[in-house]
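Protein chains in written order, with the working numbering: chain R, 1 to 300; chain G, 1001 to 1438.
Fair warning: there could be bad hints in the mix.
[Stated by the list, open to error] If you want a taste of the chain G side facing chain R, the calculated C-beta under 10 Å gives, among others:
#	residue
1	Y1044
2	G1088
3	P1157
4	F1173
5	I1315
6	V1317
7	C1321
8	Y1372
9	V1382
10	P1394
[Said to hold, decoys possible] Derived contacts from chain R toward chain G, CB cut-off under 10 Å, selection only:
#	residue
11	Y35
12	F43
13	V88
14	R116
15	F232
16	W266
17	D270
18	A278
What the hints contain is simulated information worked out from the structure, not anything from laboratory work.
For clarity, every value in this text was computed on a predicted model and none was experimentally measured.
Beta carbons are placed, not taken as given, at the ideal position from N, Cα and C, and that holds for glycine.
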Amino acid sequence: MLLAFDWTQLAQQTVIGLSAGGLWALLALALVLIYRSTGVVNFAQGEMAMFSTFIAWSLIHHGLSYWQAFFLTLAISFAGGVALERVVIRPVERAPVLTVVIVTLGLFFLVDGAARWFWSSETRTLPNAFSTRPITVAGVAFSIQDLGNIAVSLGVVALLFALFQFTKLGLALRATASNPDESRLVGIRVSWMLALGWGLAAAMGAVSGMLTAPALASFDQNLMQPVLLYAFAGAVLGGISSPFGAVVGALLLGVFVNLIGTYVDWIGTDLRLPVALAVILGVLLVRPAGLFGRASARRV
Amino acid sequence: MRGYRQRAVRASRLSRVAEAWGTLPERTRSLTPVVIVVALAVTYPFYVDSVPTNLPVIKTVPPLHDAVTILVFVMMGVGLNIVVGYAGLLDLGYVAFYAIGAYTAGWLASGQFEQVKVHFGAVGIPSSATGIHISIWLVLLIAAVVTAVGGILIGLPTLRLRGDYLAIVTLGFGEIIPQFVRNGDELHGFDLTHGTFGISPIDPPGFGHTLNSAIGLPVRYDESFPPTPDRLFFWTILALILLTLFCSMRLRDSRLGRAWIAIREDETAAGAMGIPLMRTKTWAYAGGAFFGGIAGAYIATFNSGAFPTQFDFNISVFLLCMVILGGMGSLWGVVVAGTILAWLNFDGLGNIGSWINTTLLPSSHQIDVPKYSFGIYGIIIVLMMLFRPTGLIPERRRKREIEEATHGGPLDQPLYEMRGADEPGAGERGEPGKVPRG
Chain R
1 MLLAFDWTQL AQQTVIGLSA GGLWALLALA LVLIYRSTGV VNFAQGEMAM
51 FSTFIAWSLI HHGLSYWQAF FLTLAISFAG GVALERVVIR PVERAPVLTV
101 VIVTLGLFFL VDGAARWFWS SETRTLPNAF STRPITVAGV AFSIQDLGNI
151 AVSLGVVALL FALFQFTKLG LALRATASNP DESRLVGIRV SWMLALGWGL
201 AAAMGAVSGM LTAPALASFD QNLMQPVLLY AFAGAVLGGI SSPFGAVVGA
251 LLLGVFVNLI GTYVDWIGTD LRLPVALAVI LGVLLVRPAG LFGRASARRV
Chain G
1001 MRGYRQRAVR ASRLSRVAEA WGTLPERTRS LTPVVIVVAL AVTYPFYVDS
1051 VPTNLPVIKT VPPLHDAVTI LVFVMMGVGL NIVVGYAGLL DLGYVAFYAI
1101 GAYTAGWLAS GQFEQVKVHF GAVGIPSSAT GIHISIWLVL LIAAVVTAVG
1151 GILIGLPTLR LRGDYLAIVT LGFGEIIPQF VRNGDELHGF DLTHGTFGIS
1201 PIDPPGFGHT LNSAIGLPVR YDESFPPTPD RLFFWTILAL ILLTLFCSMR
1251 LRDSRLGRAW IAIREDETAA GAMGIPLMRT KTWAYAGGAF FGGIAGAYIA
1301 TFNSGAFPTQ FDFNISVFLL CMVILGGMGS LWGVVVAGTI LAWLNFDGLG
1351 NIGSWINTTL LPSSHQIDVP KYSFGIYGII IVLMMLFRPT GLIPERRRKR
1401 EIEEATHGGP LDQPLYEMRG ADEPGAGERG EPGKVPRG
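Could you put the whole structure together from the sequences, leaning on the hints where they help?
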């Protein structure tokens, strides 16, 4: 096997893995964003992204171009995320963690049901965001779509980083995440910051969904369920309390899962998800805080 | 005038009944509703066919065959209640236990393993049949033990995690198991699960010829007449549920059960009081898995097959929905909510949907209600959590917990309030509780 080792294939599969990992990274980042501000894992994140993707599909169906629909969907998703937080999450802000987690689980099914209500369950397709033409770099052929996905994912991550690090709003968001009570004392509207976090997370999920759908032959309401699990795995690998870790973790996981699926026969395409879950378990056993997370101590 | 008097007489009669009721011993009072419900349930097969099929909204009660499935799911709900309701561990992979139970029955009571020929107490199986054929009653017990061990194995690495991590990991297990079952038909050339086809047929329960001739118990459930197979399966699952409820109740009041509830209320405090956290939580997992395994094995023999499509992630959430709707930790709540939800799932939504379509909607705008079942469960979960987080029939202790946790106001209210800031003398030094006069 080693004799026939093909560096071209390795490079190609790594880029394909990075492309998938980039899309998982966006969803993972959305999870981390909400986790850091509210301490709750949002199980509905994937279904929210799926819903956004269906909105984009409708817009394109009504004659908009892909990129027009893309940015319009981002705005709608942001508003939708804020609205969801105001209506559903705010009433349980102070409730035990278990209650809030169960609410997000309920949202999972509610959003899924809503998507099945508005859009029939037949499969549909989304046009490609980028040309599918291959591009040759140093004798290795890559698809422009994969490279485009990586570029957009990293671009969104960079934008988000800039928002958090260099704006006053970002400072307020970070303050809210690290200490809500004291943030309120210095005049930050903590509750609205949480809603804003949900909006940002919804928009990021939308990007992930709108780039995931074109890569598939067709999609339906189950579009984001596997992506959500991969995003969980990526977030746990990188450390669910660290945004940087979530991105790196998801990218690493993308490459790892794709390579192991390519080179290990019996894993193939069927057992990639279990591999990701094995990664979750392994990480939680060996280093529960993840690669970049900090172990948290709680004072009682 | 006469109406009033009649009503007054009736009221006084009612109050006299209530008075007499009040003089009964506490034990009789609390047991009476239980006895009535059990009696209604046991006699269900005799009146189910005479219930009219044109009742408003619900149309009719579930036929016996569906009732068996409904009760199996109620049993799983009661099992999950041990994990989620008592110990407060959010388990999203309970379907894994159901699958392990069903496949254990598939392995130990069918012709799946053609290479061997093991017979032990199975009824009505020709002695030439290949495969393992063990008596279903024994298989139920073995499946329970195997699943409990499976629960411990899943629990050991995961139960160290905090609540939401646990949810992610159990969700993962719930997804891995069906994947494994689908792909387990060629493990180094060995067919363990028969892939997407599942294992079928699985032997039926029965009591064999000796008991049949001695006290008239049926030889084999599926060939029995009278009473019909569905009736036998119904009474058996009823007995299993009562057993589960009894065990569940005794467990709750035991030392272990009180430790579970202490962990649910405050894990840190429970640990500080000397409760071994890991061991106690693992026991909760094992206990929940035990009953899930019995239910899984039972439904496998009832359907005479175990198929990978049965073990969807949705089932886990459906069961969780029962526990939440009923009230976490509340046994009767889970039974009531479980019966309602399982009925909705198998018959109710279809019946209600067709009632809506025929009576409320014009023939041009028909809706397919069962198609939206999981959307409807989502609405139920969210609404319950927002407006009645303690469930339909709240457990007393759990209710207090929720009230204590949520007494704080919303985040935008001021954090500290200056009491009496505008009273005269406020802000001056003085003895606590006394406002100094100015």
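Hint-by-hint comparison with the structure:
Hint status for Y1044/G: violated, given a least beta-carbon distance of 31 Å to chain R, over 10 Å. Hint status for G1088/G: holds, given a least beta-carbon distance of 6 Å to chain R, under 10 Å. Using the Cβ-Cβ criterion of 10 Å, the hint placing P1157/G at the interface with chain R is satisfied: the shortest such distance is roughly 5 Å. Evaluation of the F1173/G hint against chain R yields a held restraint, the C-beta minimum of about 8 Å falling below 10 Å.
Proximity of I1315/G to chain R is violated relative to the hint, the smallest CB-CB distance being about 13 Å (cut-off 10 Å). For V1317/G, the interface hint holds, since its Cβ comes within 10 Å of a Cβ in chain R; the closest pair sits about 6 Å apart. Interface restraint check for C1321/G: the shortest CB-CB distance to chain R comes to about 8 Å, inside 10 Å, so the restraint holds. With a least beta-carbon distance of about 5 Å to chain R, the hint placing Y1372/G at the interface is held under the 10 Å criterion.
At about 4 Å, the closest approach between the beta carbon of V1382/G and any beta carbon in chain R falls short of 10 Å, and the interface hint on this residue holds. For P1394/G, the interface hint is violated, since its Cβ never comes within 10 Å of a Cβ in chain R; the closest pair sits about 14 Å apart. For Y35/R, the suggested interface contact is upheld, since its CB lies about 8 Å from the closest CB of chain G, less than 10 Å. The restraint placing F43/R at the interface with chain G holds, with a minimum CB-CB distance near 8 Å, inside the 10 Å limit.
Checking V88/R against chain G by beta carbon gives a least distance of about 6 Å; that is within 10 Å, so the hint holds. With 10 Å as the threshold, the beta carbon of R116/R comes within range of chain G, its nearest partner Cβ sitting at about 6 Å, so the hint holds. Nearest Cβ of chain G to the Cβ of F232/R: about 5 Å, under the 10 Å cut. The hint holds. Because the closest C-beta pair between W266/R and chain G is about 9 Å apart, less than 10 Å, the hint holds.
Nearest Cβ of chain G to the Cβ of D270/R: about 6 Å, under the 10 Å cut. The hint holds. The beta carbon of A278/R comes within 8 Å of a beta carbon in chain G, closer than 10 Å, and the hint placing it at the interface holds.
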